[in-house]
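Trainee: Same order as they appear, the protein sequences are chains A and B. If you count the first sequence from 1, position 208 lands on 208 in my numbering, and the numbers rise without skipping. If you count the second sequence from 1, position 251 lands on 251 in my numbering, and the numbers rise without skipping.
In case anyone wonders, no lab produced these hints; they're calculated from the structure. Predicted model only: the values in this text are computed from it and were never measured. All the given hints hold, so there is nothing to weed out.
Taking lysine-lysine and the DSSO-like style, the derived pairs with C-alpha atoms no more than 27 Å apart in a straight line are:
1. B:K110 / A:K48
2. A:K56 / B:K110
3. B:K87 / A:K15
4. B:K110 / B:K272
5. A:K299 / A:K227
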Amino acid sequence: MKLRLTGRNILQVEKTMTPSPVMVVLVPVASIVLALAVCGLFFYLSGKDPGYIYGKMFSGVVGSTYGLTETVVKSIPLMLCGLGVGLAFRMQLWNIGGEGQLYMGAFAATGIALFFPDWPAWVLLPVMVIAACLAGGFLALLAAVPRAYLGVNEIIMTLMLNYVAILWVDYLVYGPWRDPQGFNFPLTAPFREEAVLPTFGDTRIHMGLLFGLLLAVVFYFVIYRTKWGFEVRVIGESPEAARYAGMNITRNILLVMLASGAVCGLAGMAEVSGLMHRLQPGLSPGYGYTAIIIAWLAKLNPIAIVLVAFLFGGLQVGGYVVQTSGIPSTMVAMLQGTLLFFVLGGEILLRYRLRFMPGMRAGDESA
Amino acid sequence: MSMDVLTMILATAVTAGTPILYAALGEVLCERVGVLNLGVEGMMLVGAVTGFMVGVGTANPWLGLLAATLAGGAMALIHAFLTVSLKANQVVSGLALTLFGTGFSGYLGKSMIGTPLPNPFKDVHLPVLSDLPFVGPVLFQHDMLVLASYVLAPALWFLLFHTRAGLNLRAVGENPAAADSLGVNVFLTRYIYVIAGGMLAGIGGAYLSLAYVPTWMENMVAGRGWIAVALVIFATWNPLNALIGSYIFGGVHALGFRLQALEVTVSPYFLKMLPYILTIVVLIIVTRNNKVRRIGAPQALGLPYDREER
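Work out the full structure, taking the sequences as your base and the hints as a guide.
Mentor: Take a look at the structure:
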């Protein structure tokens with residue numbers, strides 16, 4: 001597309017495969033600023049002072065050791081789920097089921113913790129991890145199998161399974177798994193010490209952080225440095241080319257969804273074993289959904305996912321902080337949605353570039 | 001099962017299916033012009049909360065409905081701008097819309113929780129029709145929104161398959177480049193029907209808060225928006241099929257409540273799972289059938305249209 005400015009000066013808008021590094025940094029930063037501005041306007045219009053809200057959020061997060069460590073604590077499930085769904089997105093598989101897979105992981109880990117009371121920690125914890133991964137992977141496979149063999153829409157299936165998994169956990173904690181000594185609260189019995197993930201010092205940051213960091217490095221290596229990772233990327237970018245090259249798409253759909261669900265399941269295990277030490281309803285405030293934004297914002301790069309997860313962990317903590325002054329914590333989801341709008345809109349600046357061509361006549365250059 | 005209970009279950013199936021129907025009709029329009037909008041759940045939530053707020057403020061459910069329609073349309077406008085003009089990924093943009101709608105409706109509605117609605121939509125009595133045995137109570141002893149949906153679904157079917165405008169809009173969804181070369185304004189057509197789809201989703205949400213429940217609860221749409229998206233595939237992008245499909249899903253919702261009332265020994269948590277599991281099962285069967293019968297989504301569904309890439 002050419003725009004004539006004055007006389008012979010032409011401004012050309014053209015597609016580019018290599019976005020300028022300035023834009024790569026500028027677009028996300030500008031998106032964050034604009035999202036804060038738009039939501040600030042909403043706050044203002046609803047009679048709240050945006051400066052006060054943002055100030056309170058900011059000081060609540062970075063103003064104290066507790067705020068900072070809580071940010072890390074909240075970022076653990078976010079980074080794990082972000083890595084999980086991000087892997088599936090690589091292959092254009094829209095796993096929206098991170099939330100349900102997290103619940104299944106929490107369920108399986110709790111089951112092992114409750115029903116094998118005399119295992120030592122070095123057996124119990126690894127078995128809990130494996131069970132959680134299997135349970136999360138199983139839920140993802142329920143959607144992956146019809147997707148792989150019949151082409152059934154995986155977005156709707158994974159989403160519907162979220163509701164099923166959450167209701168399943170509700171059923172357990174309100175029913176058969178309810179702690180008989182729990183004064184009728186919908187909670188399972190607390191975990192024994194052997195079923196609890198170690199924490200760092202006297203903070204609430206638990207070993208789940210190491211799972212996340214380690215997996216990010218592993219995923220980075222697998223996606224960019226192995227033959228399988230190459231296959232996944234090719235299938236994601238061009239299924240036709242992948243088919244020509246003889247890649248087995250069906251098998252890769254199953255494998256990627258299994259791995260994706262397993263990592264989200266691990267997030268559930270880390271939450272119950274590292275943080276809550278029991279199963280309870282509503283154990284995730286939508287980490288599986290937030291993870292979708294994180295993965296997209298990070299351009300599916302595993303290392304970037306970790307960094308963005310810290311940012312969103314902070315946002316989550318900030319949301320809790322302002323809740324005490326009467327601001328509903330759902331404003332965090334609102335802020336996240338707005339942020340995603342701007343990131344999506346800004347992508348056009350990465351796909352196109354402007355070229356200023358002085359002294360040209362329209363049509364001189366055959367583009 | 002006595003006749004009375006059957007009548008009651010079927011009547012509830014109709015009312016429970018109505019919000020899903022409105023949303024599904026909207027999504028049919030949207031997908032027919034080639035735009036996938038996964039923001040239905042979010043648009044319904046925003047419709048529900050704005051409809052309720054205006055309904056409470058003015059004590060007039062019709063003004064509430066109008067507000068919900070506009071709010072749903074405004075939400076869809078964001079999606080249209082991002083995906084049609086800026087050619088952003090439709091899946092992610094729709095998800096963003098749902099996330100935003102969930103958060104925004106929760107924020108707006110916080111102070112409304114527990115507020116009673118002074119004047120909800122009430123059942124109307126139609127001469128002759130409402131007095132018919134069996135059919136009367138099942139189909140014609142409902143509020144205006146239910147009755148309007150009986151007219152809307154065939155009207156949209158007629159628009160899609162028997163008018164010039166319908167031909168153009170389907171062409172835009174099947175082959176935008178060809179439609180463009182014949183002088184159809186692809187971008188304008190997509191904007192119009194994406195926004196119309198959002199308006200219908202807004203009405204679907206408002207039906208919940210102004211007639212079905214009628215109150216505001218956080219996240220009260222509870223997955224119905226997603227069921228509507230699935231229903232579009234089930235309905236093979238045809239408004240008349242959506243009419244039937246939504247009552248089946250409504251019936252499952254209704255059955256869950258009835259069984260609970262009849263003290264069936266199944267845990268309520270499992271009964272609540274039913275609509276979601278049914279959606280998955282039906283989706284699998286229908287996808288397989290459509291494949292055999294070679295019925296597919298509109299060819300250009302999910303693809304942005306770029307004039308320079310014709």
